[in-house]
Amino acid sequence: MDVKKLKTAEAIFMAQYPQGFESAEMANVSKRHNMSKLVEFAQSSFTKRKFNDAAQICESMVKLIGRSSMVSMFEKPKFRDFVKCLDSNEQHFLANAMKRLLHGKQETGFEALVELLATQKLAKWSLVSAVPAYFAPDVEVFVKPTTAKGVVAHFELDALVYRPRPYWAFYQGYRSWINEAKKKVDHRLSPSNPAFTGFLMMAMKQMPDVVK
1 MDVKKLKTAE
11 AIFMAQYPQG
21 FESAEMANVS
31 KRHNMSKLVE
41 FAQSSFTKRK
51 FNDAAQICES
61 MVKLIGRSSM
71 VSMFEKPKFR
81 DFVKCLDSNE
91 QHFLANAMKR
101 LLHGKQETGF
111 EALVELLATQ
121 KLAKWSLVSA
131 VPAYFAPDVE
141 VFVKPTTAKG
151 VVAHFELDAL
161 VYRPRPYWAF
171 YQGYRSWINE
181 AKKKVDHRLS
191 PSNPAFTGFL
201 MMAMKQMPDV
211 VK
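Each residue of the sequence shown is one higher than the last, beginning at 1 in the numbering used here.
Everything labelled a hint here was simulated from the structure, so no lab data went into it.
Nothing here was measured: the structure is a model prediction, and the numbers come from that model.
Take these hints with a grain of salt, some might be off.
[Said to hold, decoys possible] Using 20 Å as the maximum straight-line C-alpha spacing, the simulated PhoX-like pairs for lysine-lysine come out as follows:
| # | residue 1 | residue 2 |
| --- | --- | --- |
| 1 | Lys76 | Lys5 |
| 2 | Lys121 | Lys5 |
| 3 | Lys121 | Lys48 |
| 4 | Lys183 | Lys4 |
| 5 | Lys205 | Lys4 |
| 6 | Lys184 | Lys4 |
| 7 | Lys121 | Lys144 |
| 8 | Lys7 | Lys205 |
| 9 | Lys5 | Lys205 |
| 10 | Lys63 | Lys99 |
| 11 | Lys37 | Lys76 |
| 12 | Lys7 | Lys184 |
| 13 | Lys63 | Lys84 |
| 14 | Lys105 | Lys50 |
[To be verified] Quick list of simulated restraints, FRET-style, between CB atoms:
| # | residue 1 | residue 2 | range |
| --- | --- | --- | --- |
| 15 | Gln172 | Glu75 | 41 to 51 Å |
| 16 | Lys7 | Lys78 | 35 to 45 Å |
| 17 | Asp158 | Asn89 | 33 to 43 Å |
Virtual Cβ for every residue (Gly too), placed ideally from N, Cα, C.
With these hints in hand, go ahead and build the complete structure from the sequences.
Here it is in structure tokens:
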């Protein structure tokens, strides 16, 4: 890990927002993202017992993604229409994939979710990583392609190879780096992992060597 570059990013951000995400300006930004309410919704909607009702799980996924500011406006209706057209067996497949991703063998659930979404060309990083990021915001990560590519390039994470189609090895490696990196900087930069990657994105925009 290039701690020097990470500390430079910290210095740039904290110079503008001395209290990090506790600054009034960043608190207003956080409110617009409605993070706390969506985390609460995710954590109540995707408990283990809720997975007894596959149709309800699918509906909750549509609601969460539809309300998320992190997911593109172009992807939301496509995902909604995709779920709407699933038959009972496909609903169970989708729900089971999400259950494993949140509560079981994560790699199996992740890859199953990607395979199902790929049938309609919807295997997008945002659609795969949104629910976990809201369900466990201090552990899981939201993978925004532009931010992820910038992080990999700027911090020279040579072991990570970004690809447009989601795959587990990248997600796992990116998540590991994020969870380790946030320990190296002021805790006010990481009220959640999505916020921490937001900090990185904002700081990197002011660094001349980042591919934008």
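Results of checking the hints against the structure:
1. Between Lys76 and Lys5 the alpha-carbon distance is near 35 Å, which puts this suggested pair outside the 20 Å criterion.
2. Taking the CA atoms of Lys121 and Lys5, the gap is about 36 Å. The hint is violated against a cut of 20 Å.
3. Distance hint between Lys121 and Lys48 is unfulfilled; the C-alpha atoms sit about 28 Å from each other, more than 20 Å.
4. As the CA atoms of Lys183 and Lys4 are separated by approximately 14 Å, the hinted pair is consistent with the 20 Å bound.
5. Distance check on the hinted pair: Lys205 and Lys4 sit about 17 Å apart at the alpha-carbon level, within 20 Å; holds.
6. Of the supplied pair hints, the one linking Lys184 and Lys4 holds, its CA atoms being roughly 10 Å apart against a limit of 20 Å.
7. At roughly 17 Å between alpha-carbon atoms, Lys121 and Lys144 fall within 20 Å of each other, so this suggested pair holds.
8. Only pairs whose Cα atoms come within 20 Å are accepted, and Lys7 paired with Lys205 is accepted, the gap being roughly 15 Å.
9. Distance restraint check for Lys5 and Lys205: the Cα-Cα separation of roughly 13 Å lies within the 20 Å cut-off, and the hinted pair is therefore satisfied.
10. Straight-line distance between C-alpha atoms of Lys63 and Lys99 comes to about 17 Å, which keeps the hinted pair within the 20 Å bound.
11. Proposed proximity of Lys37 and Lys76 is supported: the alpha carbons are some 19 Å apart, at most 20 Å.
12. Restraint check for Lys7 and Lys184: satisfied, since their Cα atoms lie roughly 8 Å apart, inside the 20 Å limit.
13. The hinted pair formed by Lys63 and Lys84 meets the criterion: a straight-line CA distance of about 12 Å does not exceed 20 Å.
14. Under the criterion of a C-alpha separation no larger than 20 Å, the hint pairing Lys105 with Lys50 is consistent with the structure, at around 18 Å.
15. Hint check: Gln172 to Glu75, Cβ distance near 23 Å, so the stated range 41 to 51 Å is violated.
16. For Lys7 and Lys78, the Cβ-Cβ distance of about 40 Å falls inside the hinted range of 35 to 45 Å, so the restraint holds.
17. Range check, Asp158 to Asn89: about 42 Å between beta-carbon atoms, so the 33 to 43 Å window is met.
Hint compliance for this structure: hints 1, 2, 3, 15 are broken, all remaining hints hold.
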